[in-house]
Structures are given as structure tokens and as C-alpha cells.
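Asks: Can you make the complete structure from the sequences, with help from the hints?
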Amino acid sequence: MKQSLCAVLTAFFITLNVGLWAQTVRITGTVIDASEGYPLQGVSVTLVGSVKGTVTDPFGRYDIEVPEIAKRVRFSYIGYKSQEIEISGRSVIDVELMQDVIEVKEVTVTALGIMRAEKATGYAIQSVKGEDVIQASEQNVVNSLQGRIAGATITNSSGAVGASTRIVLRGVNSLNTDNQPIFVIDNVIVNNSNFGNTSTEGVNRGSGITDINPNDIESVTVLKGPNAAALYGSRAANGAILIKTKLANANNDFGVSFNSTTTLERPLRLPDFQNVYGQGTGGVFEFVDGKGGGINDHVDESWGPKLDIGLMIPQWNSPIEGGIRQPTPWVSYPNNVKDFFEVGKTFTNNVAIESAGDNYSVRFSYTNTEQSGMIPNTDQSKNAVMLNTTISPHKYIAFNANLSYVNTHSGNIPAYGYSTQNVMEQFIWFGRQVDIADLKKYTYSDGSKRNWNYSYHNNPYFTLYENLNGLDRDRVFGQGSATVKFTDWMNLKLGASIDNYNNYNTARSAFGDIDSPYGYYGESKKTFRELNTDFLLTVNKKVSDKVGFSFNAGGNIMKQYSQTLLSYATELAVPNIYNLQNANVPIVSSNVIYKKQINSLYYNGQFVFNNALFFDFTGRNDWSSTLSKGKNSYFYPSFNISGVLTDLFDIQTRTLSFAKLRAGWAQVGSDTDPYQLESVYKFDQGWNASTKLATIYIPDNLANSNLKPQRTNSLEIGADLRFFLNRIGIDFTYYNQKTYDQIINLPITAATGYVSKIVNAGEIQNSGIEISLNVVPVKTRTGFEWNTTINYSLNRNVVNKLAEGLDKYVLGNYWSLDVIAKVGEPVGELYGYDFARNANGKIIYVDGLPYQGQMRSLGNYTPDWVGSISNEFRYKNLSFSFLVDMRFGGEIYSMTTTWGRYAGVLKETLIGREGGIVGVGEMLNENGEWVANNVVVTAEEYNKAAYNNNIAYSSIFDASFIKLREVRIGYTIPRLGNSNVKNVSFSIVGRNLALLYTRVPHIDPETAFSNGNVQGLEFGQLPSARSVSLNIGFKF
Amino acid sequence: MFSVKKGLFLVAVIFAITGISCSKLEDENKDPNSISITEEHPDMLLTHSIEELGDLIFDVWLGHEIGSCWVQHMAKVQYTDEDRYVPRNDVINDIWTTLYAGPGIEIQRIIDIAKKNGHDNYQGVALVLKVYLFSVLTDLYGDIPYSEAFKPDSTLTPKYDTQESIYSNFMQALELANTLLKNDGQVVDGDILFDGDIVKWKRFANSLRLRLLLRMSNKMDAQSLKSAISSIVNNPTTYPIFQSNSDNAALHYLGTTPNNNPLNETYKTRDDHRVSKTLVDAMYNPNKPDHPDWRIMVYADVPDAGGYWTGLPNGLTSAKAAAYNGNGFTGTSRIGSYFIQPEAPGMFMSYAELQFLLAEVAYKDLLEGVSSADAQTFYENGIRASYYQFQDEILEKAPEFYSQFNGVVLNIDDFINDFLANDGAWNQVSGLQKIAKQKWIAMFDQGVQAWFEWRRTGLPVLVPAEDGLNNGKIPIRLRYPSDEYSRNDEQLNVALTRMSGSDDLNTPVWWNEH
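In order, the protein sequences belong to chains A and B.
Anchor point for the first sequence: position 739 equals 739 in the numbering used here, and the numbering is continuous, going up by one each time.
Anchor point for the second sequence: position 496 equals 496 in the numbering used here, and the numbering is continuous, going up by one each time.
Honestly, the hints are just simulated from the structure, not real lab data.
All figures in this text were calculated on a predicted structure; none of them were measured in a lab.
Among the hints, a few may not be true.
The list that follows gives simulated cross-link-like pairs (lysine-lysine, DSSO-like), each with its CA atoms no further than 30 Å apart [claimed, not checked]:
id : chain 1 : residue 1 : chain 2 : residue 2
1  : B       : K268      : A       : K525
2  : A       : K682      : B       : K268
3  : A       : K246      : A       : K485
4  : A       : K808      : B       : K159
5  : A       : K842      : B       : K473
6  : A       : K822      : A       : K631
7  : B       : K116      : A       : K692
8  : B       : K24       : A       : K708
9  : B       : K24       : A       : K631
10 : A       : K708      : B       : K30
11 : B       : K268      : A       : K822
12 : A       : K595      : B       : K30
13 : B       : K30       : A       : K441
14 : A       : K631      : B       : K473
15 : A       : K801      : B       : K116
Far from chain B, by Cβ distances over 12 Å, these chain A residues were calculated [what the hints assert, rightly or not]:
id : residue
16 : N599
17 : Y734
18 : S756
19 : E929
Covered by chain B, according to a simulated footprint, are these stretches of chain A (three or more residues, beta-carbon under 8 Å) [unchecked claim]:
id : region
20 : 284-296
21 : 865-874
For each residue, glycine too, the CB sits at the ideal point set by N, CA and C.
Replies: In C-alpha cells, the structure reads:
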């Protein structure tokens, strides 16, 4: 394959050397913004009546050869009114384009950064303006896409500083990857995988995209399926999100812009706690030592004595007189959890200096972000520098370089998951009478720990002030390229891009910690580097007046390298010194090197007929280091066709302004992680640190020397219809895609000596529709305008097959709940224990209590549909908008309900505290017949039987929700008086403001346990934030 | 000025710099973090497999929550599920998975390497370990994959062999091990059980064989059993067996993680167990406080709340356990600190156990040249061996509990003699009960094997847990892991059909059927 492809390319290059085309004249010129005067890049310049065209460079310059007989040239650009200009024999035509906010954009970014007329794209593309991203004031750019992209499911993991967000386009395709799209920032590919594993490390250290600075974003374009992304190769099988950063557009010597944002956060939702009963069990409690010495004083539950009725009971903070703990008032603290949270604060300041001239453009930006979380003593600060430059010293050559440096630092990030280090876990096991304010002092004068319980929990302030999870990450990414223009119809771009980070994590626990009584210290350092080397040859030629042709051919070498060094000591010799040499036990160390390379050759081309019918084709061949010899070279093509009916049949009317149909088919091949072809021994920690005997073991996963690529086939058809002079636009897409030959770890019996074997097996299908509706209901001459956008997407995911003889595949599990892929069902079945039920399907009660029955499917995390409505009102310089988004269908398991009811802290556990509870179900009477259960049990007995680790059924909820995602008020002043100060803008933005509808108690149903495929689980996630920000910006 | 040729030349240069060639791609995929499976490192595998085997068998989940609680050496004071005969599914899966995919395949790999290289001693050592490991597996579950295990290249769904055939293979394997193991200078490295002492491995091989012969004794006719036992015990030159405590197959854990005793690791952050009331009552009679079974001083602490040793009844509900004797946490005896120290040994098999097995053999007239009356000698040897095992701790603890020992030079034999004159006194009529009781006491902290022996003999007679959830019975088996139902269900069903009972905790394994 490689050889033949090379031959084709060579033949093609040779052909290009031969002059084929007719007598022409050259027209050049510059296109600028009519009001601001800055040059416009990417303006499409086309010959009227033909498909001949080009786009302007970063300086607004264009250079086009047209037939001598040509009459008129058309200039069109996103958000501007198109112009047609008579050539009249001129060789230089300079144009000023007027802004037009209503006209639908004409040019869009497609794969590989190729600008293309939107009417000429054969697949669904959706964009978000940089302004929307900046004003959303989200630290994580993915969050700002919520509700703005049809077909995207975006799940924010928590309100903790630096938390990751998962984004999935068009459903879960693959069992072995995280199914997230790639992000392409100015041609630099970054993925959104987590820094550190949230589920094992217990700390969410963010994900790849958290390092992108929203202030530098010009636009975000989402290519949803493999149709759009075939050219980015394997990694784009789940779609691609193209982020274009800002370029200088100052037409004078230089300009400076300043942007400042202040954001305040509070938890959106906390559990509803009961405040009637305090700590204890069976209604009794008396504190002696908090670990079993007193009456139920080891218990971290609230089934104790009634509060606020004048009881006096010795408590954890009661004074001790004469060695006796004195009884103190037994009273409630209804806000003890709420008061624990602080106001999260984020301050972001950005300054950008830009300059552009005839043949250069430079933009420099610096952003500082200081963030303190809602959880006490958690923080993150970021410093980001970005430089974008373009220089064209000669008309035949242009250089472009973008470079970003970001440093992210956290003194402490809160822990996650069901862990004693997670404060949310503690509040679900809590004494409702505990005065949180008094816990702030967490040591006694003798240094011993001061806490409400000594059996299971740390003092939460001790956890947050002593057990720190630090983070320091330096990241550099950028690209450089040179574009050589051979002729006006052919150029060659050579480039290289790099993404490099050093991520340094620390974790420590102080002496007296409940998990690590002798302290803990660990460090991990990961160096990651991805280097891409590219060439891209572009040919853009007209064959005849009616037929045009463009072609790109390129090659890429992608090399990934990472090195992770991890060391930790599980006991320290001296307290409070966090140095590995202070270890009191052998230090555990490991290092892992990861290398991967993919070589690729690819092409794409477009035939254009009458500037109304477009046929696109792409092909790519990858050679991946991770697949078996003989199977590591794989080719995948795509085809698209689109036709603008209104042009083809000349049926444009005032009612039907524009109609386009499109259809496409694409395939993507994917590889896997390295080192899975050959079995190995791995090193273990060894025996006896002093006279060390090295130990090795055989890993559980059986290698497979026959791995071949995983494939995705996708079919997509769509329509783009606009009515009433573009006042109503509707974009409709239907897709159907299958991913087969999945590379999965097939579970096998341990009796083989292995637990799993890596194989190619399984098929997952996603089909669905995406609808995007844009309406301008009102637009007046006085400057009032109302815009409405509705996004709707529905995806049907189904596992068609797994491996031979396998009908369930466990994606992951947590305690007794498995998240699985099951044949015939959507990926993401929540598989856990139901109550024991009789033949009538009724819950069986024995002595008034239910018990554990069979494991079965209890739900599925996949939503049925996702939608959003946004409305924007503008009157001159004033704007107001709000965005509501919603997700319907799918289930979630809530650990907060499980343990919160078991522990008697939630409001609903008040039911039956005095009179007892009769559970709904059936029991056997003396004659062995099923009758309605009528046995009264205590609320404590009932809740402990019905809500615990053995029974997941009772804590599964419908995860549907409607959220008021954003409300925004903005005011802009184009120019401040006669001064140089321009584009002054103020806005106030509220995000994640309210849950308008939910059926899940106590928690925000929009929560992610990790960034991977194990979703639909809530295990004490930190609450999501409701935020309000103030943005101020100006330019001079 | 610019030409296509120049451009193509640039492309070629850039790609030459970064390097594009298919042969190099494969080198990229050579795992730099690991050793190729084709290399041979039996020593590093041996160390690892012994440690991991010990870590599983003496870990709290199998060794104590299941073994020690079900045989009523220990009881749980909180989270009492296991003690009420509700083992966790993931624990059952873990035991199976760890034994097969951990030390199991590693020991098999040592055997394969040793066979190939003609290294008899490595092969002998690995065969003994393999039999030990599989005897635990089959005694836990019954029929299990054995002959087709560890062959992922030929079968991903190995058949379940009958326990009978597996035991028969154990005998052959141990016979072969006894032949292979020769003190001929061929060195075994990485041996953390006997430090490369081949003679001790040989003694372990034959002692283990006696244990397993007795385990299946219900299924053998008396004559062949007798000749099998006699051919070993009466041929010490060919078939050496344990001669003293110094031969004990004990993994001596080290002082620090990760090489410390697993119970020690657990007890750094947890405190879930107390000594069972059954055991405390068997060792300490408050009416005869001056003549206890002195090992109680080592096995149990006195309660925090004061008073002498007090056991916790097995299998109470958590609420009852927490409230027992005023307060279950403070009112009952913790496990003796000896057993939760980092260096506490993991006892694979002891000389004391062997003596009690021989006492039983003698008592049942299953050993040529020895009569039923000789059972007493073996019985007392067993008690002596057990006391010697804990002699330092007994001598150290005695003055703490009994003021009459203060300032006196103590001798362990005095304690042994006192015990043999009191509760430990031999009684020919109830000999089997006596032997079983003392073996049961001697095997404290060896929960798994103590539970197997109790299942075989039914002695001592144990009363099922008060709030047990197993139809009023003490479990005599583990369920097959749920993983097997999804990964090897066809073969599993063949085994289930063969085993007349259903797959539950009350289904007897082959040797336990009557």
C-alpha cells in the first residue's frame, strides 16, 4: 500500500509540472473591513460564473489568475455582506467589506485548517464564536460549549478547581478508548485525556483541554463525525474540535486589548439533610473516645437521640472536667455542611498586544488566572503566554508560528470518589449535631487530633489543610510552518508541531491521618511529548468554466513519547517533613516509558460543478507502531457529495433563500496503545529492601500478536435550509455509524493464567439526528434584534455484538455496581443488585425487611436526547441572552442516597423515625402464601436494609434534567468619546444557575465519575458550582 | 525561484530527519518497561510467587474473615457480614483470580523453565508449591480447572477436573518432587521459604503429602491408606518429613511494607476482629484461672475494659456485636499482638500439625508398626511443638498475667507439663476429640487450613453463628466465582452437573462427602 501510494503521489507531482491551462490574467488586491480597516483573512474570492477561487492570506491579500474574458469577481466572508466587482481590465482590486451580522457565514474552517465555503462542505459543521467562549468565563473551554453544539454530550465532573469535563459527540463508539473528540488548536492536536487517573489516584487533576486559555480563542468549530475528521487520522474517529486562536488584526502599528473577569461560585446543590436526630444508633449516643469507648461513639451515623429538645449529652467537643466529659446541649446545626463551603473566587486578567503590517502580523497575549475553590484551602493559578506570528517577506513565501506556554499550579486539589480523603464522603456519614465551625481547630495543644469521630474519619479541615494534593504543570505547545507558493494555483506547506508538558503531582498525608497513621508522601512526574511533522501540497485549478478542481496531498509523522516517574512512601519517620528520604519504609518507585509512532500519507480533493455541486474525496494510509506486523498499514477513504439546490435549479426565492443537501460516507481506522503484542514479565517491589531479591510477575492481560486496526464506518446525510432571507435556518443531519473490530480486553477465566486477552471483537452502532434551528423572530430598523437557536440531538446507541460467546463486557465497576456493554443494549448499562423479588415481581420482605436479590440491569447512562434553547436580544449596544439546556433519558446511581439513607443523615430518613416503617412488598404468611408486607420495622432497620452496598436498585434515578445554563447581560461601547479606547465591553454572566427540572434527589445529576466510559455513577462528587462573573474589556 | 523539485526535496529532507521507515516502527513498539516473556528468571518468579501465595492465604479476607471466623478462632466486632457467612462476591472472585493468574501461572512457568533446562531442584520446589496452591483452590471450591489450566494458547476455556483426579495427581507430583529434590549442590535462588535448603523442601513435600492423604482419607479404603502413609513415615531416608519446628514451612515476613504480614498491614488502619468466644472458652476456664492453656496469653489480649480474656461470639449482627458484654469493642479480647506484628510468620504447614496428623493416624491404626496407644506420644509431641513455637512470647507474657512468675526464671517445659496435667491431658477414649481440639488450637492464625481440617473431621464440634445467614450451618465450601459464570460457563456447568449439589456454601467437596 505504501509503495503504491508513493507512486501515485510521485506521478501526481510530475503531472503538475506540465502546464495545462489556458491564457489568463492576474488580479491581486487586499480585502479590509470597511469600518475598522483591518485586513480580513480567509475571504473567499471567486470568479462569478465559475468555481475559480482563492482565499485571502492573513494580510487580506489575494492573488488570483482569471481568464482574460472574465468579467466579475465575488468577495464573500463570514459575517460580511458579499460584494461583486467588475474587473474592467484592472489588475489590482482592493475591496472593503461591510459587516453583516445576519448573513450566514460563508467560509468555514474544515479539517487541516482548510478554509472552505460553507456551502461546499459535505458534512455537518457547527461553530461557536470566541466571544461566547470568553464571556462564559469557564476555566475549561469545553464547559463553555454546553448547550451550543447539537450532538454533543458534555459532562462536567465537579465544581472542584481544575476539574475535567468529558465531551462525547454522537455517542460512545468504542469500548477501549475514552470516545472523546480530539482538539486541534491551530493545527496542534491535543487530546482531552486526564492528567492522572481520577479513579485510582482519587484526585481530579484536570484533562488535556484545561490548558487552553479561553481568552485567546477566535472560534471553535466542531466536526462531529468521522466524515468531517477523516483527515486527522485515527484519533479523530470520535470527531474533532478545531480551535482557532486569535491573530493580530490591527491595521495601525499596534493595538492593546485588555480583558478582566471575576467569577464567584457557590455550590449549585447540596444534599437535603435532616436536622431532627443526632449522631448515634438505636437512638442512643454518648461520646467517650470516638472509637467505640462510649455508647455508639464510634458510629458515624445519625440514628441517635433527638435534637433540640433540651437533652444534655457528652459530645466530642464537650469540656472535660476531672477526667469526665461533661454533658452539653444536644442541638442541631442545620447549615453545618453548607457553612463548610466557601465562596469560590476566580480572577482572570488578560492583556494582548498586537501589531500587523503589510507583510507581518504578531499577536502576543498574557493571561493570569488565580482561583480559590469552594472547598476550603483548594486553589489553582495559571499563567499563560501565547505568541502568534505570521511573516511574509516575499510574495511567494509565508512563515507562521504559534507558541503557547502555560503553567498551572495548585497547592491543593480536593480528593474525589468514595474515599475518606473526600469531604463529601464524610458529610454523608455524619453526626447532624456536629458544629462544623468548631472543627476548624483540628489539633489540641498537645498536637493530637481534634475530631468528632476517631474510627472512620479525619477532621475535614485536617484533610484539607494537612493532606495536600499539589500540582505543577508546564506545558508548551505550538507549531511552525512555511508555505511556499509555486504558482498561484499550487503551494506547499511544511510544518511541525509540538505538544510538550511536564506534569508534577504531589500527594501527602500527615501523621494521624485515618488511612495513613504514619503519614504518606508521594510524587509523580510525567513528561509527555508529541511531535508532528507535516507536509501539505495544495493545488487549486479550474478545468473549465464549469468545472473546478482542488487537491491536497500530505504526509505526517506523529511521534508520542512519555515518561512517568512515580515514587511514594507509605510511612514517614518524622512528621511534617515531606521528603522521600524521610521514608520509614522502603520507597516504592516505578517508571514507565511510552512510545508510539504513526506515519501517514493522505490526500483530499474536491470537484466543483457550476459552483453548486461539490464532490469531495479523501484517503489516508496510516502505519502504526502499535499493531501487528503485516496489519499495521491501513487505508481508509471518505466521499461526500453536496448540492446547493437553490443554485442548481435556480429556485431561490424570498421564501426559500437557500437549500443544500449533502451525503457522505467515511471510514476511519484506529490503532491502540503500545506494547500489547508481546507477553512480558513486569517488575514488582521485591523482597527485603536491604538484601533485595528482585521479583517479577506475569501481568494479567494476555498479549496478542495478531492485532489489526479497529474500524469505524459512517454514513451521514443532511440538509441546510434557510428561509425568508435567512431569517430562519435549519440544519438537519442524520448519521449512522458502526465501529467494529474493536480492540478490547476480552475477559477470560483466570484458570488460563490470565484474566483477559486483547482481541479484535465487537461492534457498536450509533445512529441519530441532529437539528439546529436558527430563527430571527424580530429585527427592527431601530437596531433591536432577537435571535433564537435551538439545538436538538437524538442518538441511538446499541452494542451489536461483542466477542464470540460474550454478551456482557465490563467497562468498569465501583463496589457492587458494574457499568457494562451488553449485546442489544446501549453501552453503559448500570448492572447491580436488585431486591429479592417473588414470582409476582414484588419485593420480598422477611421480618419486615427486604434483602439482596439478583444482579441485573438497573438502568443505562446513555441519554435519549439532548437539547438546548438560547435566546439573544440585542438593542444597539446592549445585549441580553439566556441559554437553557436539557438532557432526557438515562439513569444515574447516587451513592449519596445509598449511604445518606443508611447513615440517617438525609431528610427522607425522618419518615417513620417515631412510628416505624412498613415496606411496600410482599411476605409469606403462615400458610406459605404471598401477602402484602405488614411488619413494622424501625426507620433505621428499614433504611439500612434497603439502602446499602448490596442493593444498588434503590439508588438508581432517572438522570434527566433541565438547566438554566447561562444568563448574560452585556453592553459594548464602540469608542469611548474621542479617545483611542475602543470596543469597551461590560458583561455579567451567570452560569449553571438553576436546576429547573430533575428527578434525582440531593445531587446535580450532571456529574461525571471520570473522563472515561464509566459514567452514570455518583460517588460523593464535589458539588457543581453556580457562578456569576463580571467581564470588562477594552482596546486601545 | 521556487520549484516543485525544491519543494519535494524539502519534504524528503524533513522526513529523512524525522525518520520514516517501517522496520523502525516495530522497534518503537518494544516495551522498554518490561522483560520479554522469553527470558528465564525462575529465581525472581519464585520469590514473587511464594510472597504472593502467602499474602493471599494469610490476608484478612481469605485467611481471617473466611478461615479464622468460620472455624471460630476469631469473630468480627463490626461489619460482621463474613462472620455471618456472607462472603463478598469480589473476595470470592479475587481468591480465584489471584491464585491462578498470580502465583499459579508463575509457578507453572518455573516448572516449564526448569524442565527445559533440566534443573531438578527448581522443578521439585515448584511442584511442591503448585500442589500446595492447588490444594487450597480445590479444597475451597471443589472441582476446578487443573489439567488444562495455564494453556492460553490452546484453550481459553479449560475443563474442570474432578477433585478426585486432582488429588491423585497431587500424589504423583509430590512423589516426583521427592525424587527430583536432591541436595546435590544445584542451587535454588530466590527461595524465601527455606532459603534454598533442599532438604527442608523435601521434608515439606512429604509432610504435605501426609496432610493431603488424610484429607482424602474418607475416600480411600483403610488398607491402601495405611500402606500409603506407612511407606512415607516408615522410610525416613527416602521420604524425610518434618523433624522439628525448625523444619516448619513458615514464610517469615519482614518488618516493613510491602514484605510485612498482611494482617499487620490491615491492622494499621482497622480493628475489626476479636478472639472468638469459642476459642477463648476452650483455652481459658475462669473457674480454673491458674491452669489455662498458656497459649491464650499469646493468642489474645485482655479486654480494654479490664478483666481476663473474654471472647466474642461469632456471627452476631453488627449492633449486637457492638453491644456485646457492655461494649463489644472494649469488652472483648483483641487478637494477640504477636499475630499482628509485621514479622508474624505465615505458616504454610507446621511440625505441630504433622504430629497431630500422625496422632490421628496412630489412633485410627493407619500406620504400620504403631498402635493406637502410641497416639498419645504424637499428641503430646504436637502440644509441645506448638508451645515451643510460642515459647518466647509465653515466657514473656506470663509475669504480666500471673504475679507468681515475677522474678522467677521460667522454663517452657513447666508450662507444657502443667497443661498436659490439666486440660491438655490425654484421654484414650476421647482421643480423636482431644487430637482435633489441640490441632485446632495449634492452628490459630492458619484459618484456611484449620477450616479445611475442621470440615474433614467435623471436630471440634462447633455451633453455627447465632445470626448466621446460611440456613443454620457453618459453610463447608466457597461458591464458584461469578467471573467463571461469564467467562467459562460451559465447562463450569459440566462441573456443576457432576457435583450433585448446587453451587452454594453447603455443598460438600469430593473428600468431604460421606
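Asks: Verify this label for me: N599(A) is non-interface relative to chain B, using a Cβ-Cβ cutoff of 12 Å.
Replies: Non-interface label on N599(A) violated, nearest chain B Cβ at 5 Å vs cutoff 12 Å.
Asks: Hey, K822(A) versus K631(A), does the alpha-carbon distance stay inside 30 Å?
Replies: At roughly 28 Å apart (the allowed maximum being 30 Å), K631(A) and K822(A) satisfy the hint.
Asks: So E929(A) supposedly isn't at the interface. Is its beta-carbon more than 12 Å from every beta-carbon in chain B?
Replies: Nearest chain B Cβ is 22 Å from E929(A), so the label holds.
Asks: For the pair supplied as a hint, K801(A) and K116(B), confirm whether the alpha-carbon distance does not exceed 30 Å.
Replies: violated (42 Å)
Asks: Take a quick look at whether K246(A) and K485(A) sit within 30 Å of each other, Cα to Cα.
Replies: Roughly 24 Å between the alpha carbons, so the hint for K246(A) and K485(A) holds.
Asks: Hint check: K116(B) vs K692(A), CA-CA at most 30 Å. Holds or violated?
Replies: holds (27 Å)
Asks: Take a quick look at whether K708(A) and K30(B) sit within 30 Å of each other, Cα to Cα.
Replies: The given pair, whose Cα atoms are some 17 Å apart, holds under the 30 Å limit.
Asks: CA of K595(A) to CA of K30(B), is that 30 Å or under?
Replies: holds (9 Å)
Asks: Are at least 3 residues of the region 284-296 of chain A within less than 8 Å of chain B when you compare beta carbons?
Replies: n = 5 at 8 Å, threshold three: holds.
Asks: Would the pair K682(A) and K268(B) pass a check requiring their Cα atoms to be no farther apart than 30 Å?
Replies: Measuring from Cα to Cα gives roughly 28 Å; hence the hint holds.
Asks: Given the hinted pair K808(A) and K159(B), is their alpha-carbon gap at most 30 Å?
Replies: holds (22 Å)
Asks: Under the criterion that the straight-line Cα-Cα distance not exceed 30 Å, is the pair K24(B), K708(A) satisfied?
Replies: Holds - the C-alpha atoms of K708(A) and K24(B) are around 18 Å apart, at most 30 Å.
Comparing the model with each earlier hint shows violations of hints 11, 13, 14, 15, 16, 18 and 21; every other hint is respected.
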